[in-house]
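Based on these hints, arrange chain U on the given structure of chain V.
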Amino acid sequence: MDSNDKSATGAANPYAQTHEVQKGDTLGKIAQQYYGDPGLYMQIFEANKSQLKDPNKIFPGQKLVIP
Amino acid sequence: MMTKQYKLAGFLTMTAVLLLAACASQMEPAQTAIAGIESAISSASADASKYIPDQLSGVQAKLADLKADFDKKDYKAVLAGAPALLSEAQGLLGAAAMKKEAVMKALSADWTGMAASLPQLVATVKSRVDMLSKSKHAPAGVDLAAAKTNLADATTLWGKAQAAFSANNVEEAVNAAKEVKAKAEAAAAALKMKLPGAAPAAG
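Chains as they are written, first to last, in this note's numbering: chain V, 1 to 67; chain U, 1001 to 1203.
So here's chain V without its partners, still in its complex pose (with noise of 0.2 Å):
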């Protein structure tokens, strides 16, 4: 079953997980404040690749999905 922002017939999923990034976070904060492990940071990146180019680059304002 695909998860994240759609489902397989395209429809936007309400329950997809976001997060607005604050001033100061970086994706290892994310990832820290969801899943208890900053290394994950690379799945909310794969996760986002659609608006993000660089792992280390993410600006305030951006919603990012969170898998």
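Hints in this document: simulated from the structure, not taken from any laboratory. Keep in mind that this is a model prediction, so the values were computed, not measured. Even for Gly, the Cβ is constructed at its ideal location relative to N, Cα and C. Hints may be right or wrong, so weigh each one.
Think about it this way: if two alpha-carbon atoms lie no more than 30 Å apart in a straight line, the pair counts; the simulated DSS-like pairs of lysine-lysine are [what the hints assert, rightly or not]:
hint : chain 1 : residue 1 : chain 2 : residue 2
1    : U       : LYS1136   : V       : LYS29
2    : V       : LYS49     : U       : LYS1178
3    : V       : LYS57     : U       : LYS1050
4    : U       : LYS1050   : V       : LYS63
5    : U       : LYS1178   : U       : LYS1050
Covered, in the sense of this in silico footprint (three residues per stretch, anywhere, with C-beta under 8 Å from a C-beta of chain U), are these stretches of chain V [to be verified]:
hint : segment
6    : 12-18
7    : 22-30
Showing chain U alone in chain V's frame:
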């Protein structure tokens, strides 16, 4: 004098016989009328008891009154009330069918909505469980074990819901789907996930 007395006795006896005969002649029609009403109720009772219980109770109460009249040998009252009650009893079948159709339509709409949303809910929760399973140390307050148990239950129940729907048992499918939602929401709560429309998790 004696002849007059005999004539009077004869007249009274004849009157009594005629009255008894009249009563007896109404008993069978009254009995038949009641039997007809009972038969009409019986034909409708399965669906009527489920979909229009108050209407069924009303007809049954009126039948009880007619039977009480019959027991009191008031066959005239039975025959007077029976036609209207028979009509009511015969109407139960159609009324129950209409109500059943409306209920089934609503259930089908419920199923359509849940069939679209529940797989997304379960997949979202599963994704988080998978991620946390890779973590060295889950965040404080997260109960991964409870989430896994609830998620497994949700997945099993979803299979049952789909099977019930395929077997055209929409009511059972919707009831099972509601349980799926509850289990998936419980899993999400154990993971401290925020779901739309749900109360925020404590802590």
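Point to revise | Hint consistency between U/LYS1178 and U/LYS1050 [alpha-carbon to alpha-carbon, up to 30 Å] | key: holds, 21 Å
**Study point:** Pair hint V/LYS49 and U/LYS1178, alpha-carbon separation not exceeding 30 Å
**Key:** Roughly 35 Å between the alpha carbons, so the hint for V/LYS49 and U/LYS1178 is violated.
Check your understanding: Do the alpha carbons of U/LYS1050 and V/LYS63 lie within 30 Å of each other, as the hint requires?
Key -> violated, 50 Å
Exercise for review: Examine the segment 12-18 of chain V for residues whose CB is less than 8 Å from any CB of chain U, and state whether their number is three or more.
Suggested key: With 5 residues close enough to chain U, the hint holds.
Exercise for review: Could you grab the alpha-carbon distance between U/LYS1136 and V/LYS29 and see if it respects the 30 Å cut-off?
Suggested key: holds, 15 Å
Check your understanding: Has the given pair, V/LYS57 with U/LYS1050, been kept, meaning a C-alpha gap of at most 30 Å?
Key -> violated, 62 Å
Exercise for review: Quick one: see if chain U covers the segment 22-30 of chain V, three-plus residues with Cβ-Cβ under 8 Å.
Suggested key: It is violated, with 0 qualifying residues against the three required.
Checked against the numbered hints given earlier, this structure breaks hints 2, 3, 4 and 7; the rest are met.
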